[in-house]
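Number of protein chains: 4
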Amino acid sequence: MPHPTDADFAARVQNSFNRQNAMHLIRATLPVIAQGMTEIHIPHWSGVEQQHGFIHGGVVGMIADSAAGYAAMTLIPASASVLTVEYKLNLLAPAEGEKLIARGQVLRAGRTLMVTKAEVFAIKAEAQTLCALMQQTIMVMSGKAEK
Amino acid sequence: MPHPTDADFAARVQNSFNRQNAMHLIRATLPVIAQGMTEIHIPHWSGVEQQHGFIHGGVVGMIADSAAGYAAMTLIPASASVLTVEYKLNLLAPAEGEKLIARGQVLRAGRTLMVTKAEVFAIKAEAQTLCALMQQTIMVMSGKAEK
Amino acid sequence: MPHPTDADFAARVQNSFNRQNAMHLIRATLPVIAQGMTEIHIPHWSGVEQQHGFIHGGVVGMIADSAAGYAAMTLIPASASVLTVEYKLNLLAPAEGEKLIARGQVLRAGRTLMVTKAEVFAIKAEAQTLCALMQQTIMVMSGKAEK
Amino acid sequence: MPHPTDADFAARVQNSFNRQNAMHLIRATLPVIAQGMTEIHIPHWSGVEQQHGFIHGGVVGMIADSAAGYAAMTLIPASASVLTVEYKLNLLAPAEGEKLIARGQVLRAGRTLMVTKAEVFAIKAEAQTLCALMQQTIMVMSGKAEK
Numbered sequence: 019m020p021h022p023t024d025a026d027f028a029a030r031v032q033n034s035f036n037r038q039n040a041m042h043l044i045r046a047t048l049p050v051i052a053q054g055m056t057e058i059h060i061p062h063w064s065g066v067e068q069q070h071g072f073i074h075g076g077v078v079g080m081i082a083d084s085a086a087g088y089a090a091m092t093l094i095p096a097s098a099s100v101l102t103v104e105y106k107l108n109l110l111a112p113a114e115g116e117k118l119i120a121r122g123q124v125l126r127a128g129r130t131l132m133v134t135k136a137e138v139f140a141i142k143a144e145a146q147t148l149c150a151l152m153q154q155t156i157m158v159m160s161g162k163a164e165k
Numbered sequence: 019m020p021h022p023t024d025a026d027f028a029a030r031v032q033n034s035f036n037r038q039n040a041m042h043l044i045r046a047t048l049p050v051i052a053q054g055m056t057e058i059h060i061p062h063w064s065g066v067e068q069q070h071g072f073i074h075g076g077v078v079g080m081i082a083d084s085a086a087g088y089a090a091m092t093l094i095p096a097s098a099s100v101l102t103v104e105y106k107l108n109l110l111a112p113a114e115g116e117k118l119i120a121r122g123q124v125l126r127a128g129r130t131l132m133v134t135k136a137e138v139f140a141i142k143a144e145a146q147t148l149c150a151l152m153q154q155t156i157m158v159m160s161g162k163a164e165k
Numbered sequence: 019m020p021h022p023t024d025a026d027f028a029a030r031v032q033n034s035f036n037r038q039n040a041m042h043l044i045r046a047t048l049p050v051i052a053q054g055m056t057e058i059h060i061p062h063w064s065g066v067e068q069q070h071g072f073i074h075g076g077v078v079g080m081i082a083d084s085a086a087g088y089a090a091m092t093l094i095p096a097s098a099s100v101l102t103v104e105y106k107l108n109l110l111a112p113a114e115g116e117k118l119i120a121r122g123q124v125l126r127a128g129r130t131l132m133v134t135k136a137e138v139f140a141i142k143a144e145a146q147t148l149c150a151l152m153q154q155t156i157m158v159m160s161g162k163a164e165k
Numbered sequence: 019m020p021h022p023t024d025a026d027f028a029a030r031v032q033n034s035f036n037r038q039n040a041m042h043l044i045r046a047t048l049p050v051i052a053q054g055m056t057e058i059h060i061p062h063w064s065g066v067e068q069q070h071g072f073i074h075g076g077v078v079g080m081i082a083d084s085a086a087g088y089a090a091m092t093l094i095p096a097s098a099s100v101l102t103v104e105y106k107l108n109l110l111a112p113a114e115g116e117k118l119i120a121r122g123q124v125l126r127a128g129r130t131l132m133v134t135k136a137e138v139f140a141i142k143a144e145a146q147t148l149c150a151l152m153q154q155t156i157m158v159m160s161g162k163a164e165k
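Chains as they are written, first to last, in the working numbering: chain A, 19 to 165; chain B, 19 to 165; chain C, 19 to 165; chain D, 19 to 165.
Errors might be hidden in some of the hints.
Same chains, same label: a pair holds when it works inside one copy or across any pair of copies.
Straight-line distance between alpha carbons at most 25 Å, and here's what the computed DMTMM-like set of lysine to aspartate or glutamate pairs gives [to be verified]: (1) K162 / E137; (2) K162 / D26; (3) K165 / E114; (4) K117 / E67.
Calculated from the structure, these hints are not laboratory results.
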């Protein structure tokens, strides 16, 4: 690992997530925080729908981007922060179901840049469908802790 | 143009946008609809903020994706619909200011696929900063009108 | 699988590869062809180097794109062909070593579009380093066989 | 501009290009070098063809990536170098014609990261067709001059 371990990474990541109003707005939660991986969940509710009653593709992108960004944040010291440089997202199937799970993972942790991925699954009657796939570049801002 | 012109394209696009709850949730509007171009605007309000008080990057991606998708929809017949296949977004600067403007444009209109771009500008005290740049692929679903 | 199986897919794919002069130019070979997966190999030789003596990033992209495109071609009927719509490639490490292996895989096989990935590994003294990661969209041209 | 001007940028860029064997292999030249922009040209010859006699998509990607990377290199001091972090390329039309022109441009020059674009045009009987469009992220390696 290119960065020293931060024993409190989970609390630090949860804390950052809690201060994101936009995540509350869409009713997202962050129930899984592990080293190099996080999951953001979101229930299907009317406020996040598009015109056909599925969850909006923009909301899918929003939780994919955030899950992978927070996965990166689990691997940096408390004195640093992360920024999304860019991402590429393929939408594979309509986000249809009772809830979405966005699973973000770090694929390559460099000192300055990390490459991550996210998969978004739609859960419907216990079955899961992969509905989006993302590849992302994250920048580590050393010495710039989140306030 | 590979598709026959639809005189009512603006009404059709506005109508589709109006039925997207997720766009209302973030307080987005669609004040500009032209052939091959649309603009989505969003005011800065607390509900769309991230942890530093800027507009959330996920919301930036959401309006970029939608503005370019609706730009594509202006060029198809009433009997067809559009789907986002994928997009790639670079975040260039924090989305800081009173409002955001996402300008979507069609770069290449094929019969089945379109390539589009979106630029997202942050407006602050009359100055504008380019804060995101997107390149997107759209699929035209012929014979599958939006209901 | 959305397409009928073609028992001769390996011969068909090998045949198409053999007719690509550009693959011969860089001394690429296609030693692995399986359903939904192929590998393109390339030796390190002076003709494909960049200015520091590593294999050129453009050559890395070239074999990543082709390996994933041929992985898609293993899943279509003999009466169809494939086209690269777009891809996104992250370069993770210098392509340093005796040879490169680009492994392409189909992640999602739709009727018209497929989503694939490729990983490119540099082999050096029996160790392998992941040097590039690609996510790609492929279009299936039904009824348009390769001549 | 975030970096001090280097009066000799064109010589430095040309020099780097000249040491890339892979560019010679495909018979690419770099006839245009301006601040923030370069052009790579390539003639249509049999060695770069794919199976239908067009220029190989991998070669199109190779010159797009390089033209935009060299555009970034025109804006950095002699004491620094550039690396491609990632790029996303849409292929819009077959690369059919007598030659290809890849035009790379810097869209945003940050201190550590630059965002660039490239357009690749196929020239056929004096007409030009846009055949590829790329959006790219470049990293500036300060204090690491090219040898």
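Going down the list of hints, with the structure as the test:
1. K162 / E137: neither (29 Å within a copy, 28 Å between copies)
2. K162 / D26: Within one copy only: 17 Å inside, 35 Å across.
3. K165 / E114: between (37 Å within a copy, 17 Å between copies)
4. K117 / E67: both (12 Å within a copy, 23 Å between copies)
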